[in-house]
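Engineer: Residue numbers (my numbering), protein chains in the order written: chain A, 1 to 322; chain B, 323 to 762.
Treat the hints with care, as some may be off.
25 Å max Cα-Cα, derived DMTMM-like pairs, lysine to aspartate or glutamate [claimed, not checked]:
| hint | chain 1 | residue 1 | chain 2 | residue 2 |
| --- | --- | --- | --- | --- |
| 1 | B | 746 | A | 316 |
| 2 | B | 643 | A | 283 |
| 3 | B | 701 | A | 310 |
| 4 | B | 669 | A | 277 |
| 5 | B | 701 | A | 309 |
| 6 | B | 701 | A | 306 |
| 7 | B | 701 | A | 302 |
| 8 | B | 712 | B | 408 |
| 9 | B | 749 | A | 309 |
| 10 | B | 701 | A | 289 |
| 11 | B | 712 | A | 277 |
| 12 | B | 746 | A | 283 |
| 13 | B | 749 | A | 314 |
| 14 | B | 749 | B | 678 |
| 15 | B | 362 | B | 454 |
| 16 | A | 91 | A | 150 |
| 17 | B | 699 | A | 306 |
| 18 | B | 749 | A | 76 |
| 19 | B | 699 | A | 302 |
| 20 | B | 701 | A | 283 |
| 21 | B | 712 | A | 320 |
| 22 | B | 749 | A | 299 |
Just so you know, these hints were derived from the structure itself, not from any lab.
The lines below spell out each chain.
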Amino acid sequence: MAVIIEVLGWGGKSRHHYRVEGPSVTIGRGYQNDVVLSDSHISASHLRLDAVGEGWQMSDLGSLNGVEIIKNPAADSDPLATVLAAGTEIKIGRTKLRIIADSHPVEAAKELHRLDKDVGQLNRFSIWLPLFLLVLVIDVATLYASSFIEWQWKNALSSILYTQVFLLMLALFWGGLGRFLREESNFLGHYNLILLATLVYSASDWLIGIIGYNLSAEFLVDTVAPLFNLSLVAVLLSANFALATNMLARQRWITSVGLVVLILIVSIANQIQAWGEFSPYPEYFAALELPVLQLGGAESVDQFIEGLDELFADADRLAEKD
Amino acid sequence: MAIYKTTGLSLKILLGLLLCWHISGFTQNENARTLFAENKTAIFQIRVIDVTSGSKSVIGSGFLVNAEGLIATNYHVIQLAASKPEQYRIEYLTAGDKIGDLRLVDVDVINDLALVSAQGLKAQPLSLAVAEPPIGVPVFALGNPLDLGLTVVPGTYNGINQTSYHPRVHFTGSLNAGMSGGPTLSEAGEVIGVNVSSAGNQVSFLVPMAALHELIVESQNSSGAAGGMTRRIGQQLFDDQEEKFSRMLALDWPTMPLGQAQVINELKPFVKCWGGSNSSSEKAQFLSADRTCRSEDNIYLRGKFNSGVIEYQFFWLEANKLNAPQFYAYYQRLFADFVPGNSAEEKDVGDFNCDDQFVISDDSSDTLQQKANKKSKRKTKTVFCVRAYKDYPQLYDVLFLQGTVDNSHGAFLSHFTLAGVSQKNAKAFARKLMGVAKWR
Numbered sequence: 001m002a003v004i005i006e007v008l009g010w011g012g013k014s015r016h017h018y019r020v021e022g023p024s025v026t027i028g029r030g031y032q033n034d035v036v037l038s039d040s041h042i043s044a045s046h047l048r049l050d051a052v053g054e055g056w057q058m059s060d061l062g063s064l065n066g067v068e069i070i071k072n073p074a075a076d077s078d079p080l081a082t083v084l085a086a087g088t089e090i091k092i093g094r095t096k097l098r099i100i101a102d103s104h105p106v107e108a109a110k111e112l113h114r115l116d117k118d119v120g121q122l123n124r125f126s127i128w129l130p131l132f133l134l135v136l137v138i139d140v141a142t143l144y145a146s147s148f149i150e151w152q153w154k155n156a157l158s159s160i161l162y163t164q165v166f167l168l169m170l171a172l173f174w175g176g177l178g179r180f181l182r183e184e185s186n187f188l189g190h191y192n193l194i195l196l197a198t199l200v201y202s203a204s205d206w207l208i209g210i211i212g213y214n215l216s217a218e219f220l221v222d223t224v225a226p227l228f229n230l231s232l233v234a235v236l237l238s239a240n241f242a243l244a245t246n247m248l249a250r251q252r253w254i255t256s257v258g259l260v261v262l263i264l265i266v267s268i269a270n271q272i273q274a275w276g277e278f279s280p281y282p283e284y285f286a287a288l289e290l291p292v293l294q295l296g297g298a299e300s301v302d303q304f305i306e307g308l309d310e311l312f313a314d315a316d317r318l319a320e321k322d
Numbered sequence: 323m324a325i326y327k328t329t330g331l332s333l334k335i336l337l338g339l340l341l342c343w344h345i346s347g348f349t350q351n352e353n354a355r356t357l358f359a360e361n362k363t364a365i366f367q368i369r370v371i372d373v374t375s376g377s378k379s380v381i382g383s384g385f386l387v388n389a390e391g392l393i394a395t396n397y398h399v400i401q402l403a404a405s406k407p408e409q410y411r412i413e414y415l416t417a418g419d420k421i422g423d424l425r426l427v428d429v430d431v432i433n434d435l436a437l438v439s440a441q442g443l444k445a446q447p448l449s450l451a452v453a454e455p456p457i458g459v460p461v462f463a464l465g466n467p468l469d470l471g472l473t474v475v476p477g478t479y480n481g482i483n484q485t486s487y488h489p490r491v492h493f494t495g496s497l498n499a500g501m502s503g504g505p506t507l508s509e510a511g512e513v514i515g516v517n518v519s520s521a522g523n524q525v526s527f528l529v530p531m532a533a534l535h536e537l538i539v540e541s542q543n544s545s546g547a548a549g550g551m552t553r554r555i556g557q558q559l560f561d562d563q564e565e566k567f568s569r570m571l572a573l574d575w576p577t578m579p580l581g582q583a584q585v586i587n588e589l590k591p592f593v594k595c596w597g598g599s600n601s602s603s604e605k606a607q608f609l610s611a612d613r614t615c616r617s618e619d620n621i622y623l624r625g626k627f628n629s630g631v632i633e634y635q636f637f638w639l640e641a642n643k644l645n646a647p648q649f650y651a652y653y654q655r656l657f658a659d660f661v662p663g664n665s666a667e668e669k670d671v672g673d674f675n676c677d678d679q680f681v682i683s684d685d686s687s688d689t690l691q692q693k694a695n696k697k698s699k700r701k702t703k704t705v706f707c708v709r710a711y712k713d714y715p716q717l718y719d720v721l722f723l724q725g726t727v728d729n730s731h732g733a734f735l736s737h738f739t740l741a742g743v744s745q746k747n748a749k750a751f752a753r754k755l756m757g758v759a760k761w762r
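Bound-form chain A, shown alone (with noise of 0.2 Å):
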């Protein structure tokens, strides 16, 4: 039976492991070890164990630091046993391992989800740089077509310059996510995904700004705007686990929705105060677009003004007392 020695990092996840055959392991610094450790905590020889039954009989060699038993699965039935069972989990100078025999079940092997293989094909420079020229063109041209004091390059740089690092700053975290879950870094698919989302987001933007500016509708900047905006957020979200992350795709779905029903909860505690709340001054949809993009009709002055009595009537209503 060969004993397997793994070297736990954070969170408890195997880093490496070791396989000792034969009956006996030593583990330390020195390189006469069956386990050789680099922990300068760790003495050169540190403690061995022996093959006992189903278990392991743990010697400290006289250790500087000594041994901790973390967990002890034997000891969970026996709190007096001294044999170690299989998964017991032990800390000698700062390195946790855990020991178990080579018949130790591993989980089941993950099935490679579609996004992995269609978001894998994001995670390319050619993709890139296309897409990050494309959103930045959108982004200064937006600022130049809002600007009506005299335009000036530098003002209009730092605001550019922040949102492209923030976008940057969100790649990069989800590449470092990538990296410490994963073991592998999909950055310029995560950062792909984050510009494509922005582009998804200012067309969606224009084109609800538009329609809602032509159907005098201003809920549809007002809520549907916003909602389309989370659920965008909610895809992202999902997406970029998938890239980061081994979670299935129902956890995936379950988590990013939460966190935006989560963003979606603060934002309405935030406004709910506000709610039914006196306002000295008139809320009206402002919104005002190019005569190009004003596509429908207008009623004469006879019908704007028959259909103020409605308004009146909704006025009385507002301020009839409690």
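Mind docking chain B on chain A? Use the hints.
Structural biologist: Coordinates of chain B only, in the frame set by chain A:
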């Protein structure tokens, strides 16, 4: 040579002038002294007392107008007692430190007047002037400035202000807080106006006697405030706006050009107009010219609630150096930034209720020639907001906003707010304004 010859004569004239000046100064002081002494028994401090705390919340002045104990003061002095009679009572304090209770008889919110009466008050009432004194005569305002005791403020009568719809006497002299509701007397000792407000720097205003005469007659003839003071005030507001708007809407509104648009000029005596533009600014990327007209009338109702304001405003915009999207970015910013011309609180009015529509501005008043010319039709975005008064039925504050949306490089924007207006009048005003103010 002639100078030397006339020296003696000029000296005499100078001496004469000095003497006259001295005498007139003397008589003015003498007059103030006699007026004060003769009339102080008929002038009181009016106090509004909070029933719960038993102490005064508001002080003002008032004066006896007839032998039955009727005292005139300002509505704004006794406003708390008028709107919350269960919480506030009114009392008077004589120059001789005698205190007595007052009963609210009637109010005139439009002219900021109120009548209160005292039981068994024995004093000689002040005589009320029937005719207007000549402009420039010295007059004397009496009252209790800042609770300092009865005080005389000499000043000059400057006639009835012709630039506001509700007339006010322009008094050059300093009215201070607490003098509100006190009388201003002529040298003959007749009341020529009721102290009401100050614009600072010796510019003060009095309510003309005509309004007081009318209120006294009304309070004696009819049951006055029967049915409650709130109902009475509501009726006065409604009647006042009915008369004001019927006069204003019957006028042929004078116009003037603003850019390529035709806008409404000063509607006398309802509003005063100002205007401006950014054309002198070198950094300006676009042209913006505006004309703003606003009424001087401001009817105080209570707390932070006032009404009676009429305001209309026009903007002419040209894109100049801006491209179309940039111009519209500015235009939208301007369009989003309009607020009502009066102030009100939650207890006074409901929330604003707004609607926006695309409207083709094309009025029946257009001539056939204009109708044939398609350019007189303009597509606009038109916003209308209404809020209703909680205590005064059938009265509303409205805000109107109309901007052209069919030109990429220019725009014409009209805005008005009317405070305390009926539905019928607000609609008629909107219709008339849309017909007159337009991009030609």
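Engineer: Please go over all the hints and tell whether each is borne out by the structure.
Structural biologist: Right, here's what the structure says about each hint:
no.	hint	verdict
1	746/B / 316/A	14 Å, holds
2	643/B / 283/A	31 Å, violated
3	701/B / 310/A	23 Å, holds
4	669/B / 277/A	12 Å, holds
5	701/B / 309/A	22 Å, holds
6	701/B / 306/A	18 Å, holds
7	701/B / 302/A	14 Å, holds
8	712/B / 408/B	20 Å, holds
9	749/B / 309/A	9 Å, holds
10	701/B / 289/A	13 Å, holds
11	712/B / 277/A	16 Å, holds
12	746/B / 283/A	23 Å, holds
13	749/B / 314/A	16 Å, holds
14	749/B / 678/B	15 Å, holds
15	362/B / 454/B	23 Å, holds
16	91/A / 150/A	66 Å, violated
17	699/B / 306/A	20 Å, holds
18	749/B / 76/A	85 Å, violated
19	699/B / 302/A	14 Å, holds
20	701/B / 283/A	22 Å, holds
21	712/B / 320/A	7 Å, holds
22	749/B / 299/A	16 Å, holds
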